[in-house]
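A.B. asks: Generate the whole structure from the sequences, applying the supplied hints.
4 protein chains.
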Amino acid sequence: MSRVPVRRRLSPADRREELLDAAEAVIRRLGDTARVEDIVREAGAGRGTFYVYFETWEALLHALRERVFAQLDQRFSAWANSARDWRDLVSGLPELFVDMTLGMEGLHQALLHGPVGQAPPRRTRHDVIHRLADLITQGVTAGAFAVVDPKMTAVLVFAVLHETADQVERGASRKATLAAAQDLLIRALEATNRAG
Amino acid sequence: MSRVPVRRRLSPADRREELLDAAEAVIRRLGDTARVEDIVREAGAGRGTFYVYFETWEALLHALRERVFAQLDQRFSAWANSARDWRDLVSGLPELFVDMTLGMEGLHQALLHGPVGQAPPRRTRHDVIHRLADLITQGVTAGAFAVVDPKMTAVLVFAVLHETADQVERGASRKATLAAAQDLLIRALEATNRAG
Amino acid sequence: MSRVPVRRRLSPADRREELLDAAEAVIRRLGDTARVEDIVREAGAGRGTFYVYFETWEALLHALRERVFAQLDQRFSAWANSARDWRDLVSGLPELFVDMTLGMEGLHQALLHGPVGQAPPRRTRHDVIHRLADLITQGVTAGAFAVVDPKMTAVLVFAVLHETADQVERGASRKATLAAAQDLLIRALEATNRAG
Amino acid sequence: MSRVPVRRRLSPADRREELLDAAEAVIRRLGDTARVEDIVREAGAGRGTFYVYFETWEALLHALRERVFAQLDQRFSAWANSARDWRDLVSGLPELFVDMTLGMEGLHQALLHGPVGQAPPRRTRHDVIHRLADLITQGVTAGAFAVVDPKMTAVLVFAVLHETADQVERGASRKATLAAAQDLLIRALEATNRAG
DNA sequence: AATGAATGAGGTTTCATTCAT
DNA sequence: TATGAATGAAACCTCATTCAT
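Residue numbers (the UniProt record's numbering), protein chains in the order written: chain C, 1 to 196; chain B, 1 to 196; chain G, 1 to 196; chain F, 1 to 196.
Possibly wrong hints are sitting among the right ones.
Said to hold, decoys possible - With a straight-line cut-off of 27 Å between C-alpha atoms, the simulated DSSO-like cross-links for lysine-lysine are:
hint	chain 1	residue 1	chain 2	residue 2
1	B	K175	C	K175
2	B	K151	C	K175
3	F	K151	G	K175
4	F	K175	G	K151
For the record, the hints were derived by calculation from the structure and aren't laboratory data.
C.D. replies: Below, the structure written as structure tokens:
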């Protein structure tokens, strides 16, 4: 009798991507308060459809993180390859992180600083730190950096970069924050450190 | 037959303290999933009693943070006064932070990395950073440190210390983590950096 | 062993009607003390289902009022059209109101005399008063009624009818109450008043 | 050790009166949302003191009603005695009720239209209606009124007066409302009715 | 595959009333 | 008599998840 509106049939992969797009947009907008309902509304899908593609809410968050970090990683990688020398590399790092973080906007908070009970985003974060570690190791090998423990140092450098981005995102002076971060990193990493 | 619960009358200050003690213990144990119910059970109080002393759940968290950070601040202050020289100070910082964080155990997560929507613990965190900034400024004045922007540097140093503590808490080698942090901080701060 | 509750799927309109039916029955029975829990139990629905159809408890009351008053209005309307002459109309009014009120039983109290803070059922009550005003105005035009202010008089006549019904509901003699009301209304409204 | 502030010792009757004063003021201000806490704060008394003088919250409401209505009754009585003739009496009734109601302000609602489950203010209301009945009976005896059932008529007249006051309280034109009420009552009651 | 009606455990908060002091 | 700390039953509402269609 009544006309049932026919839902576009998409390939599972496409539908999943649609949901992730919607999730990204919604979480950017609502942050922590985003709900399954909001996402399916944004995607123009039914509530149940969500659970066809994602086991649980956590699974969605995980998937979204994977996707976002894959993009970031790619960007990071491209940038690293374009650096002219080590100094250029180190002094450019803070700016890159700030830009990447600002590009993530709301996602940053919801994806990285999520509720405690939930598993922390180990894997994804590690990717970036891993790259940093590689970079530092290469710098050490090249004699540009003087660092005792490249791996652990990478972790701490990541913390500095992360905080730098946080500061700018929260309204601190971009210029001053970047300058301080560059100064600190150059001095901390370079073999012959004459920052500035 | 049935146990009549004894109604203990305490001075408001004492009962409040009891509730905070209970909250601290419970949050340590359950983290994010701690509930009002859990806390009053731990305190041996009625559910309504909780709301006599704390307007809302958030208010409790706030009060607990204040208390915990007051303790930390005291400890930090005492430690800073006992340092012999600047090198001693800088190289001791990571260890202090690790110990303080481990002492907080579960609280650390629930109190600092709480859900996003909620107000971040600005004030309290700022206290510690403020002290770091003072320290660095004094070091610069004394000619021991070479830092362009003490305030902002303090923020970044805090991030390093925080991450250091996080690492150890999550199971990283205490020795290696501390070494890396010390190395990084000494190089980053000291005017004549000859780390190690 | 344990009974698995059957999940009945209804069209939203039907389920909503079911909930309103249940609400009506329960409020009749329990009056002011009716709770969401009671209603969903009566309807054989889950607690959450209630909030799918009604934003808040107040919203349910509103919806129920609308439904009840729509029924009453219809009945009132039908009756007014069936009256033979003005005297017939006026003398029949009290009885109609008594019957309608008795038909509402408990609803009457809970829906009309609800707690003070809550919005009074303006709209709905106005509908009935509006009809009364029309009736009186027509009577005046026809020369049957002598009334200076039909609108305001309608309000007062409604008060009389309402009280009449209240009296009977509370156990006063139906016959005596009706007689007094008829007498009062006839004398108050008719141009040539020879009550009785 | 610590100084316990000595509470003024009052005679029980005075203390009770104080609480009633406070209750009246608070209920005027807050209406339905008035709480025990508000009243004892207003009275400058302890929470427990309330229950020394009033068994329950309902008991307070009852006592307050008694007191308020006693005042009203006195006023009504004085006014009735000052009327020159029957016409004067009838036409003055609405104004008296409006003034009395406005004088009660918030009390009116909270005391008369209280929650349904609670006992309606039978006794007190009856006092006023009883006086009205007496008045009407006397008017009938004097040949001024033509009414079949003075008692029941008094009930309905009360309803009219009550509604009149309600209307004015809710913002209806005082003049127009009073005129309509006077017109209706004169016509409804007087033997030779030539209203206006 | 897709849907959206249905669910209920679980959460915070209120407040009349009790009772140890 | 007076107090106010303590109580806990109950109320409303949310939302991830399920499942009949």
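A.B. asks: Hints first: check each against the structure and report whether it holds.
C.D. replies: Results for each hint:
At most 27 Å may separate the alpha-carbon atoms for a hinted pair to count; B/K175 and C/K175 exceed this at roughly 36 Å. Using a Cα cut-off of 27 Å, the hinted pair B/K151 and C/K175 holds, with the two alpha carbons roughly 14 Å apart. For the suggested pair F/K151 and G/K175, the alpha carbons sit about 14 Å apart, so the restraint of at most 27 Å is met. At most 27 Å may separate the alpha-carbon atoms for a hinted pair to count; F/K175 and G/K151 meet this at roughly 14 Å.
Hint 1 from the list above is the single one not met by this structure.
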